[in-house]
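First to last, the sequence lines map onto chains R and P. The letter at position 293 of the first sequence is residue 293 when you use my numbering, and the numbering goes up by one with no holes. The letter at position 4 of the second sequence is residue 4 when you use my numbering, and the numbering goes up by one with no holes.
The set of hints was computed from the structure by calculation and includes no laboratory data. Hints are not guaranteed to be accurate.
What the hints assert, rightly or not - Taking lysine-lysine and the DSS-like style, the derived pairs with C-alpha atoms no more than 30 Å apart in a straight line are:
no. : chain 1 : residue 1 : chain 2 : residue 2
1   : P       : Lys91     : R       : Lys72
2   : R       : Lys72     : R       : Lys41
3   : R       : Lys346    : P       : Lys95
4   : R       : Lys23     : P       : Lys111
5   : P       : Lys91     : R       : Lys346
6   : P       : Lys56     : P       : Lys95
As the list claims (entries may be wrong) - Sample of chain P residues facing chain R (criterion: CB under 7 Å; computed from the structure):
no. : residue
7   : Glu96
8   : Cys101
9   : Leu103
10  : Asp106
11  : Leu118
We put the CB at the ideal spot given by N, CA and C, even for glycine.
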Amino acid sequence: MMISNTKEVQALDFEISRSAEEKRELLYKDDICIGCGICEKTCPVDAIELGSIGAIVRTGADVPKIVCDEDKCVLCGMCSVVCPVDALEFKIDDESIKDMDEYPQLINSAEINDDTCIYCKACETACPRDSITIARNLPDRSKLVTGEIDIDKETCIDCGICEEMCPADAITIEHKLPTPDDPTVSSDIIVDKDKCVYCLICKKSCPVSAIKAACRSCSYGEYDLNPEDTVTTGSSFIDHETCVKCGWCQEICPVDAATVVKTFKGELHIDQDTCQACGACVDICPCNVLSFPQSTVPGKSPEKVMSDENYCIYCGACDNVCPVKAIEVKRTDINHTPTKSKSWEKQIDSLKT
Amino acid sequence: MPKHIVSGLKYLTAVELIRDGYSQKEVAKILEMDRSTVSHYLNGRNLSWNSIEIAKIITEFCPKDFLILTYALMQEKARIVVKTCSNSKYKGIIKESCIGCGLCADICLMKAIVLNDLKAQIDSNWCCGCLICGESCPTNSIEILEVK
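Construct the entire structure; sequences and hints are all you get.
Listed below in structure tokens is the structure:
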């Protein structure tokens with residue numbers, strides 16, 4: 001009649017479960033965990049302990065970022081609800097509590113509007129968590145510039161200058177050794193008209209003027225260009241399991257196609273006098289908020305850390321990791337769906353500092 | 001021996017249920033017994049008076065001991081025996097510190113507890129006052145009061 005939890009550990013991940021009236025499971029994925037310690041602060045039974053995050057992140061040590069004592073854990077699911085990423089998943093009878101109305105949820109989102117997106121990939125490059133994938137189809141080059149090109153094979157001496165010069169790799173000469181019955185150095189010269197951009201470099205560089213070419217755009221303008229043929233199409237994908245909703249995509253997008261809603265409002269303070277510029281905060285920050293300014297003097301290390309709060313999610317990982325307590329992260333507001341449970345409300349509210 | 005004690009407990013339960021107005025058929029269904037066995041029990045046959053004496057002593061144990069011993073003897077069927085033969089009524093009060101972990105619901109042998117909006121709820125009809133739920137509660141949110 002004693003009811004106890006079972007724990008399964010796989011590499012750095014763990015799974016704690018209890019099966020009785022219902023099956024409760026807590027699943028932890030270390031590669032998604034940002035080491036912020038919000039779960040440790042929220043756990044009502046002190047079952048979760050944050051590891052030595054600074055050391056783990058900086059040395060790549062094979063140690064999980066959090067440890068959960070399965071004998072203390074009561075599988076209430078609170079850690080899962082407050083986790084700013086999806087590192088802790090909680091299921092009751094195989095259904096995620098994210099899909100259950102009685103459980104509160106942190107409100108946050110990141111979206112890219114494919115109608116507005118021009119698929120420039122700036123967000124994909126900027127995303128500190130590699131959560132964005134942009135798949136794009138480029139316009140057909142041959143439809144953007146048209147013209148005519150013709151090589152007079154009688155005049156051509158197979159020198160290969162045009163082949164070497166062509167910036168679009170559109171010309172191919174099939175080189176061969178001459179034989180008594182065919183004393184030429186090539187069997188054919190071919191222009192790929194899908195690749196040719198009618199720049200006329202071949203024509204201008206041909207030593208025997210064997211090439212006739214004209215660009216229609218240069219002669220007549222762009223009247224025959226179909227605007228639809230110039231558009232880059234594509235699709236965007238955000239991996240919401242790893243996305244931290246930091247706002248880099250929104251800030252960097254040139255056409256305002258990305259929208260990010262953050263859970264926490266707050267403040268980030270760095271005491272520059274105390275900061276020893278060790279860089280632990282820079283390494284732990286999941287949002288690429290912190291950086292060292294480029295040193296202007298060779299051989300001199302940076303003296304202070306810079307921050308841009310635009311990208312901060314106020315997770316507090318830097319605050320935890322700073323060895324000299326030079327960083328203070330304050331959370332002033334928490335955006336979450338309502339709950340009827342007073343204890344949950346109180347526990348979520350306690351994340352405000 | 002355990003078999004005899006079980007018979008005694010079933011006898012006491014059957015008597016109580018009949019007193020509460022259930023028919024022999026209903027009693028047989030509730031206790032998952034043959035109707036004829038119920039009839040025999042009620043007429044004092046196939047049963048030693050000694051077993052009934054011991055069963056009576058067990059029902060007078062403190063609620064936790066009564067429940068645990070009966071559960072050890074009868075498993076799931078202990079619920080109806082304990083509910084029927086218990087002389088007291090209990091009311092559970094859940095404090096707002098309840099986190100809805102469901103440990104109490106899992107541990108309650110009487111199946112008297114359900115979760116509602118992340119808060120435990122104790123059904124007074126089934127609560128036997130054993131206090132096992134309170135012992136398991138990680139936030140000390142359960143208070144059980146005897147109401148009769």
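Between the alpha carbons of Lys56 of chain P and Lys95 of chain P, is the straight-line distance 30 Å or under?
Cα-Cα ~35 Å, so violated.
Regarding the hint that Glu96 of chain P lies at the interface with chain R, is the smallest CB-CB distance below 7 Å?
Holds. Min distance 4 Å.
Supplied contact hint for Asp106 of chain P, tested at 7 Å Cβ to chain R:
holds (3 Å)
Mind checking the alpha carbons of Lys23 of chain R and Lys111 of chain P for me, to see if they're no more than 30 Å apart?
holds (16 Å)
Cut-off 7 Å, beta-carbon criterion: hint that Leu103 of chain P touches chain R
Result: holds, 5 Å to nearest chain R Cβ.
Straight-line Cα separation of Lys91 of chain P and Lys346 of chain R no greater than 30 Å?
OK: Lys91 of chain P and Lys346 of chain R at ~26 Å, within 30 Å.
Would the hint linking Lys346 of chain R and Lys95 of chain P be met if the CA-CA limit is 30 Å?
holds (13 Å)
So, as I understand it, the hint says Leu118 of chain P touches chain R; can you test that by seeing if any CB pair is closer than 7 Å?
With Cβ-Cβ at 4 Å, under 7 Å, it holds.
Has the given pair, Lys72 of chain R with Lys41 of chain R, been kept, meaning a C-alpha gap of at most 30 Å?
The given pair, whose Cα atoms are some 15 Å apart, holds under the 30 Å limit.
Is the straight-line distance between the alpha-carbon of Lys91 of chain P and that of Lys72 of chain R 30 Å or less?
Roughly 28 Å separates the two Cα atoms, so the pair holds.
Do the numbers back the hint for Cys101 of chain P, that is, is its least Cβ distance to chain R under 7 Å?
This interface hint holds because 4 Å falls under the 7 Å limit.
When the structure is compared with the earlier hints, a violation turns up for hint 6 alone.
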